[in-house]
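Line by line, the protein sequences give chains A and B.
Residue 150 is where the first sequence ends in the working numbering, and the numbering goes up by one at each step.
Residue 1254 is where the second sequence ends in the working numbering, and the numbering goes up by one at each step.
Any given hint could be a false lead.
[Unchecked claim] Some chain A residues close to chain B (C-beta under 7 Å, calculated; not the full set):
#, residue
1, 41
2, 102
3, 105
4, 109
5, 119
6, 128
[Stated by the list, open to error] Here are the simulated DMTMM-like cross-link-like pairs (lysine to aspartate or glutamate), alpha carbons at most 25 Å apart as the crow flies:
#, chain 1, residue 1, chain 2, residue 2
7, A, 120, A, 131
8, B, 1064, A, 110
9, A, 120, B, 1079
10, B, 1141, B, 1079
11, B, 1064, B, 1032
12, B, 1141, B, 1127
13, A, 68, A, 105
14, B, 1064, B, 1015
15, A, 9, A, 92
16, A, 9, A, 135
17, B, 1064, A, 70
18, A, 68, B, 1079
Rather than coming from a laboratory, the hints here were simulated on the basis of the structure.
As the structure is a computational prediction, the values presented were derived from the model and not from experiment.
Just so you know, even glycine gets a beta-carbon here, dropped at the ideal spot from N, CA and C.
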Amino acid sequence: MGLVNSLRKTLYNARAVAAGLDPDFRPHSVALVQVLNSGAHPGTVSNDGSVTPITESNSQPPKVRWLKDEEIAVGALGHGTVEVGPITPAFDGGGTDLTALQGADLQTNDQLYLRITGPKHPTGALYRITDLQCERALRYMIRAVPTAMG
Amino acid sequence: MPASPSLFQRFGGLDLPLSDSATLLDTDPVRDVLLGLFAAAINAELGPAWRRVTSGLANDQIDKTQPVSTTYGFEPRQEYLQQLRVGFPFLALHRSGTATHEDHTLESERITQPWTLHYILPALALDDQHRVGNVFQAVAKIVTLVVRERSHPAYQDGATQFFGSLDVDDPGTVAQLGSLRVVSHEAGPAVFSEDKDAAPYLALEMTLEGVEYSGTNQGAFGDFDAVDYSASAVTEDGTAANLVLGQTDADFPP
């Protein structure tokens, strides 16, 4: 894992370079939002769980790209589909844990969303994760579809 | 008296005026009561057999303790289920299709409402499907019998559901349905899993038809305190003369 670890660290730093510049090439921030449900059905008794920002080095956000109409049509994807990444997998010193993206610690009826905040959604919008590409050792890619404001 | 004006009417499970602590979830108790009734009946009737079969399954997605792990009050579409961690197998019940409105009597209305009940298993390999697949016909028959009996001993101690409570002042927690019948059932791919290349989520889909009636919400009226009666006639000079005066409160005579 030594080579993979060092490569991840390099990419972790490199992927943050585009953000934090003037002008800002990464104006949108991304966070994982959990909603914990303890009632009989989702929504009867809900509590806000954790809100965990997804970041690269220096707390910079990953790339957020809304797919073009052509990509949506060819892939039969939902309107407003967004692609987030590349996200650096967890390594010694940083990265994002895959189990967090998968919601592995959630209980039955708990909800998991991506919240995207920025010029397109000034007050934030919730997206549901429709695809998580994690087969590569050096990056994760998330596809999500808009669900609600907030 | 309620804080705001009200019709003092009820329609199915909607009792107006709503109580001070009511939320919108309280405006449709029928769905949650039916879900609880069916889930309790299925778990009571099939629980032991279910546990004997599922204890040997390697699948971690399936609840091995009871055949109904959780219930949902909405259509189990992919865009909804992608938002939460789903407990399998689950029972989902929702109003569906077009509800028909008719006059029941001169003073009351009737709604005939289609309902759809889904019972969905997680994605299973072929051998596991064979072990648990008979559950679909069993669930369909149990639900049909429960609807005919209008109760099950495992739910609210066997209280008769539908028709509402005999106590007009306390409708209780029974389903406020005039009647309910099973129309049809079908087993096959789940509503979100009809692509043949997708993971095979098998499901039972039952169509039910419920009837809800309107009426006066007698239990919402407060205690009768008093009433003043007066009838008068207006004379030629415009003077009103009381012909009948009646009061029922303790202040009589004034």
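Open item on the list: Just to be careful: measuring from the Cβ of residue 119 of chain A to every Cβ in chain B, is the smallest value less than 7 Å?
Closed with: 25 Å, violated
TODO: Mind checking the alpha carbons of residue 68 of chain A and residue 1079 of chain B for me, to see if they're no more than 25 Å apart?
DONE: The hint holds at about 21 Å.
Open item on the list: Just to be careful, I want the Cα atoms of residue 120 of chain A and residue 1079 of chain B compared with a cutoff of 25 Å; is the pair within it?
Closed with: Status holds; Cα separation ~22 Å.
TODO: Assess, step by step, whether the Cα of residue 1141 of chain B is no farther than 25 Å from the Cα of residue 1127 of chain B, and give holds or violated.
DONE: 24 Å, holds
Open item on the list: With the threshold set at 25 Å, check whether the alpha-carbon distance from residue 1064 of chain B to residue 1032 of chain B stays at or below it.
Closed with: Holds - the C-alpha atoms of residue 1032 of chain B and residue 1064 of chain B are around 24 Å apart, at most 25 Å.
Open item on the list: Tell me if the straight-line CA distance from residue 1064 of chain B to residue 110 of chain A falls inside 25 Å.
Closed with: Roughly 20 Å between the alpha carbons, so the hint for residue 1064 of chain B and residue 110 of chain A holds.
Task: Minimum beta-carbon distance criterion (7 Å), residue 41 of chain A to chain B - done: 5 Å, holds
Open item on the list: Next pair to validate is residue 9 of chain A with residue 92 of chain A; report whether the Cα-Cα distance is within 25 Å.
Closed with: 8 Å, holds
Task: Restraint outcome when residue 109 of chain A is required to lie within 7 Å of chain B by C-beta distance - done: The hint holds - residue 109 of chain A has a Cβ within 7 Å of chain B, the shortest such distance being about 6 Å.
Open item on the list: Does the closest beta carbon of chain B sit nearer than 7 Å to the beta carbon of residue 105 of chain A?
Closed with: Check failed: Cβ of residue 105 of chain A comes no nearer than 10 Å to chain B, outside 7 Å.
- [ ] Mind checking the alpha carbons of residue 9 of chain A and residue 135 of chain A for me, to see if they're no more than 25 Å apart?
- [x] Given that 25 Å is the threshold and the Cα spacing comes to 18 Å, the pair holds.
- [ ] Return the status of the interface hint for residue 102 of chain A: holds when the least beta-carbon distance to chain B is below 7 Å, violated otherwise.
- [x] Since the shortest Cβ distance to chain B is 10 Å, the answer is violated.
The structure is inconsistent with the numbered hints 2, 3, 5, 10, 13, 14, 17, although it conforms to all the rest.
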